[in-house]
Amino acid sequence: MGIKLLKGWRPFAVLLLLFIVWEISVKTAGVPEWLLPAPIHIGSEAYAGWAGFSPHLVSTVKLAMLGFFIGSSIGLLTAIVLHLLPTIREAIYPLLILSQNIPIIVLAPLLVIWFGFGLLPKLIVITLVCFFPITVAALDGFKQTAPELKHYMIMAGATRGQLFWKLELPYSLPSVFSGLKISATYSVMGAVISEWLGAKEGIGVYMTLASSSFRTDRVFVAIFAIMLLSLLFFAVIMLAERRLVRWTNERSEKQ
Amino acid sequence: MSHLQITKLSKQFSGNVVLREFDLTIEEGEFVSILGPSGTGKSTIFHLIGGILAPDNGSIQLMGKEINGKRGFISYMPQTPSLLPWKNILQNVLLGQELHGKKDPERAMDMLKKAGLEAYEKAFPNELSGGMKQRAAFIRALLSPQSMICLDEPFSALDELTRLEMQKWLLSIWEEYRRTVLFITHNIEEALFLSDRIIVLSEKPAKVKAEFNVPYLRPRNESLLLTDDFLKWKRKIHYALTGGPNE
Ligand SMILES: Nc1ncnc2c1ncn2[C@@H]1O[C@H](COP(=O)(O)OP(=O)(O)OP(=O)(O)O)[C@@H](O)[C@H]1O
Ligand SMILES: [Mg+2]
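So the sequence lines, in the order shown, correspond to chains A and B.
Heads up, the first sequence is in my numbering, so the first residue is 1 and it goes up one at a time.
Heads up, the second sequence is in my numbering, so the first residue is 1 and it goes up one at a time.
Please note that the accuracy of each hint is not assured.
As the list claims (entries may be wrong) - Result set (PhoX-like, lysine-lysine): computed pairs, CA atoms no more than 20 Å apart in a straight line:
id, chain 1, residue 1, chain 2, residue 2
1, B, LYS70, B, LYS8
2, B, LYS232, B, LYS8
3, A, LYS166, B, LYS232
4, B, LYS70, B, LYS87
5, B, LYS65, B, LYS87
6, A, LYS166, B, LYS102
7, B, LYS87, A, LYS150
8, B, LYS102, B, LYS65
9, B, LYS122, A, LYS150
10, B, LYS103, A, LYS166
11, B, LYS122, B, LYS87
12, A, LYS166, B, LYS122
To be verified - Just some of the chain B residues that point at chain A, by a computed CB distance under 7 Å:
id, residue
13, ILE52
14, ILE67
15, ARG71
16, TYR76
17, THR80
18, SER82
19, GLY96
20, ALA115
21, TYR120
In short, the hints are calculated from the structure, not lab data.
Cβ atoms here follow ideal geometry from the backbone N, Cα and C, with glycine treated the same way.
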């Protein structure tokens, strides 16, 4: 435990070092603030502008959580349907991969044309970036179910449904959670991009306003906020995993 | 009526004839071992009885009812314990019942106690030793609602000492409950020590090469293993299996 905690500090040390180098080089080279603000300056802007920024932050968090929830539900559902219906899987799976090649930045304006400026196009964007990692991870998880466990269940007379709910789904949980972790971080990015489509508030809106008025310090505040949010989402999923999954695939039956 | 009656059972895998007109009858409450070299089709017989394979020909009747290609009629214990890693031992031994309706945790606790696992009811499989896991797997098979138990080399992955312990334990439990058991092994001593009847299979296609009624009375104990008579029987079966001098 102690060692783990110590190791956890290493990234922070590197980060701190990076900030120091950044601060010193900006100060010594005399880089203008609108080009690249120093970390301390960004920090003080974050503190001073908190009242103006926090509503944007809250709005993005809500959007990202809603989108993540919908996206991961759709992702898991897709995986279950594709797993239980192999013929459909063969037909649909390549299309799913293709769906990931659609550049969101290009698609987003189209979504606005089709669905207007409401919540729907935003949720579609987040869902598009969120569902895929979960679908892939869950499908892999279902497929990797230990053959000897499957053999036992089938010999013991389990029906297709029992095989899925009592074996394949619980067995895939560690995989599903790795998918969820990726999606959770994507969802923040997805939410910010979707806010660029046009929204009243959100980190995306704040960012656009800041960059169009050359408030580079605020752009950086937004960037750091996005990073922190992603980390936070990741951590929440990890905690949920710890509570729900008390075993891992490696630890399963190997004698 | 026999508990299990297999008549003229044939099975081939794309030209590889594994079983040809295989016959086997087991009476209620009998402990029958199938002994044969590796790859002769012992597990295939189980897969046919368990219904995960359909025979090419012949019939499998359980209590006079044909069960060809039908699943869920036998309780099964595989070579690896195959306990679900996210269920504790109590939940695991109840799995066979869970698949077919009602659970009986009190009876399960009772049996765990007899297996010396009462302290582990809440433990997860990864916290148990190999022998303990196999005991749990056997209790799961005993608790399953089906009347016939099929065990496929359940102890072959265990070391010699644990294996003997497990055989003694299985014998004591079985002598108490007297369920019909079909037991696959390639260990002659194990078959002799445990069963009422031993079926020796020939190599491909698997046919009944010899059949022995084991004369030892029950309850049996470990000292039996060292008697001259036991060694004589062991030799006899060994020759039947390998086609030695007596044949
Ligand atoms: N599903 C299958 N498809 C093709 N061939 C199979 C299949 N199952 C078994 N066989 C073949 O049938 C033969 C008998 O296999 P089986 O597993 O029944 O042997 P076994 O007597 O149980 O051997 P062991 O003692 O090593 O467990 C082998 O030659 C094997 O290759
Ligand atoms: Mg086998």
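Against the structure, the hints come out as follows:
no., hint, verdict
1, B/LYS70 to B/LYS8, "18 Å, holds"
2, B/LYS232 to B/LYS8, "32 Å, violated"
3, A/LYS166 to B/LYS232, "48 Å, violated"
4, B/LYS70 to B/LYS87, "27 Å, violated"
5, B/LYS65 to B/LYS87, "34 Å, violated"
6, A/LYS166 to B/LYS102, "16 Å, holds"
7, B/LYS87 to A/LYS150, "15 Å, holds"
8, B/LYS102 to B/LYS65, "24 Å, violated"
9, B/LYS122 to A/LYS150, "23 Å, violated"
10, B/LYS103 to A/LYS166, "15 Å, holds"
11, B/LYS122 to B/LYS87, "9 Å, holds"
12, A/LYS166 to B/LYS122, "19 Å, holds"
13, ILE52, "5 Å, holds"
14, ILE67, "11 Å, violated"
15, ARG71, "5 Å, holds"
16, TYR76, "4 Å, holds"
17, THR80, "5 Å, holds"
18, SER82, "4 Å, holds"
19, GLY96, "6 Å, holds"
20, ALA115, "19 Å, violated"
21, TYR120, "16 Å, violated"
In the structure shown, a violation is registered for the earlier hints numbered 2, 3, 4, 5, 8, 9, 14, 20 and 21, in ascending order.
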